[in-house]
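S.K.: So you can see what is in the structure, the chains are spelled out below.
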Amino acid sequence: MQELMTGLLWVAAGSAAGGAMRFLVSGLVARSVGETFPWGTMVVNVTGSLAIGALAAAADGGIVAHRPAVWLLAVTGFLGSFTTVSSFSLQTLALMREGETLRAGGNIALTLALCLAAASLGFLATRAGLS
Amino acid sequence: MRARGTAPKTTLRWRALRDGAALYGVVAFGSLIGGVLRALASLGAIALFGDGFPWGTLAVNVIGSLAIGFYATLTGPDGRVFASARQRQFVMTGLCGGFTTFSVFSLETLRLLQAGDMAMAGLNAGLSVILWLAAVWLGHLAALRLNRLGG
Chain R
1 MQELMTGLLW VAAGSAAGGA MRFLVSGLVA RSVGETFPWG TMVVNVTGSL AIGALAAAAD
61 GGIVAHRPAV WLLAVTGFLG SFTTVSSFSL QTLALMREGE TLRAGGNIAL TLALCLAAAS
121 LGFLATRAGL S
Chain Y
1001 MRARGTAPKT TLRWRALRDG AALYGVVAFG SLIGGVLRAL ASLGAIALFG DGFPWGTLAV
1061 NVIGSLAIGF YATLTGPDGR VFASARQRQF VMTGLCGGFT TFSVFSLETL RLLQAGDMAM
1121 AGLNAGLSVI LWLAAVWLGH LAALRLNRLG G
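These protein sequences, in sequence, are chains R and Y. Numbered according to our numbering, the first sequence spans residues 1 to 131. Numbered according to our numbering, the second sequence spans residues 1001 to 1151.
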């Protein structure tokens, strides 16, 4: 029970920081490139996926991230809250409702492809760097 | 702290700074709650269904999408419930944003690929996207019906 509570405290701290960071980064991107396409959400999701791949490879290699406290703080907490599906869904729905079918489809395809590619790249690059 | 008769410009700047900080505060607090609920949901899903398929992440992302679709429309310009900008940021950017996660979804899909389970990885990606979008749409429709009710 105490282990669970300690774990949740790490998640809480990481989540608060990750959510605030997402608000900062997605806002900065949206303001600098305009809001006709949800670039802000895409940037946080792709960079968050790159980082989670890297941390997973580090954890596999027994480097820092394999420790439960570090994983809960940095991955479950920070990266978990830094990235978001709800905004992605809402923004895709908004594009569809505006009749921007092509942009909606582009957002879905590009987000999925880039996030999965980023997670793989982060993983492979880190594993290569560690060996 | 400030002397009487401070220039209004300074007061305005101070107010903008305070409002900005408050916005970050509510987003951080909402994310904290959302993130802890997501961690509990993951633990619950693993306890119930094992860790062969990432049900926990799928569930939080679908529920979070449903919730944001519902709330955004209910409190939107034509919504029947008034919510301040700060309340909307707390619920949408904070709670829903912290509860749902794209990075963990990416990692879990990658892990299925690494295990050589192409079918499971494809199923996770396909099923997730379809259910997320169906959920946000359903949430939106439900709120739309509520908004149109008389009274």
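Since the hints were made in silico from the structure, they are not lab data. Hints may contain errors.
[To be verified] Beta-carbon label-pair distances, calculated as ranges:
#1 R:SER131 <-> Y:LEU1012: 53 to 59 Å
#2 Y:ILE1046 <-> R:GLY61: 41 to 47 Å
#3 Y:ARG1013 <-> R:GLY61: 31 to 37 Å
#4 Y:ALA1142 <-> R:ALA113: 27 to 33 Å
#5 R:ALA117 <-> Y:ILE1130: 40 to 46 Å
#6 Y:ALA1022 <-> R:PRO68: 21 to 27 Å
#7 Y:ARG1013 <-> R:GLY106: 36 to 42 Å
#8 R:GLU35 <-> Y:ALA1142: 23 to 29 Å
#9 Y:LEU1012 <-> R:ARG31: 19 to 25 Å
#10 Y:LEU1138 <-> R:HIS66: 23 to 29 Å
#11 R:HIS66 <-> Y:ALA1142: 27 to 33 Å
#12 R:THR6 <-> Y:THR1010: 30 to 36 Å
#13 Y:GLY1079 <-> R:ASP60: 19 to 25 Å
#14 Y:GLY1052 <-> R:GLY61: 21 to 27 Å
Yeah, the Cβ is synthetic: ideal placement off N, Cα and C, and Gly gets one too.
S.K.: For each hint, tell me whether it holds in the structure or not.
M.R.: Evaluated hints:
The beta-carbon spacing between R:SER131 and Y:LEU1012, approximately 57 Å, falls within the hinted interval of 53 to 59 Å. Between Y:ILE1046 and R:GLY61 the C-beta distance comes to about 24 Å, which lies outside the given range of 41 to 47 Å. For the pair Y:ARG1013 and R:GLY61, the supplied restraint of 31 to 37 Å is violated, since their beta-carbon distance comes to about 49 Å. Restraint check, Y:ALA1142 to R:ALA113: a C-beta distance of roughly 31 Å satisfies the suggested window 27 to 33 Å.
A beta carbon spacing of about 21 Å between R:ALA117 and Y:ILE1130 contradicts the range 40 to 46 Å that was offered as a hint. Checked against the hint of 21 to 27 Å, the C-beta distance between Y:ALA1022 and R:PRO68 comes to roughly 34 Å, which is inconsistent with it. Against the hinted window of 36 to 42 Å, the Cβ-Cβ separation of Y:ARG1013 and R:GLY106 comes to about 40 Å, which satisfies the hint. With their beta carbons about 26 Å apart, R:GLU35 and Y:ALA1142 fall inside the hinted range of 23 to 29 Å.
The beta-carbon spacing between Y:LEU1012 and R:ARG31, approximately 20 Å, falls within the hinted interval of 19 to 25 Å. At roughly 40 Å, the beta carbons of Y:LEU1138 and R:HIS66 sit outside the given window of 23 to 29 Å. The hint said 27 to 33 Å for the Cβ distance between R:HIS66 and Y:ALA1142, and at roughly 43 Å that hint is violated. Judged by the Cβ atoms, the range 30 to 36 Å given for R:THR6 and Y:THR1010 is violated: they are separated by roughly 44 Å.
A hinted range of 19 to 25 Å is violated for the C-beta pair Y:GLY1079 and R:ASP60, which are about 47 Å apart. The hinted range of 21 to 27 Å is satisfied by Y:GLY1052 and R:GLY61, whose Cβ atoms lie roughly 25 Å apart.
Consistency with the previously given hints fails for numbers 2, 3, 5, 6, 10, 11, 12 and 13, ordered from lowest to highest.
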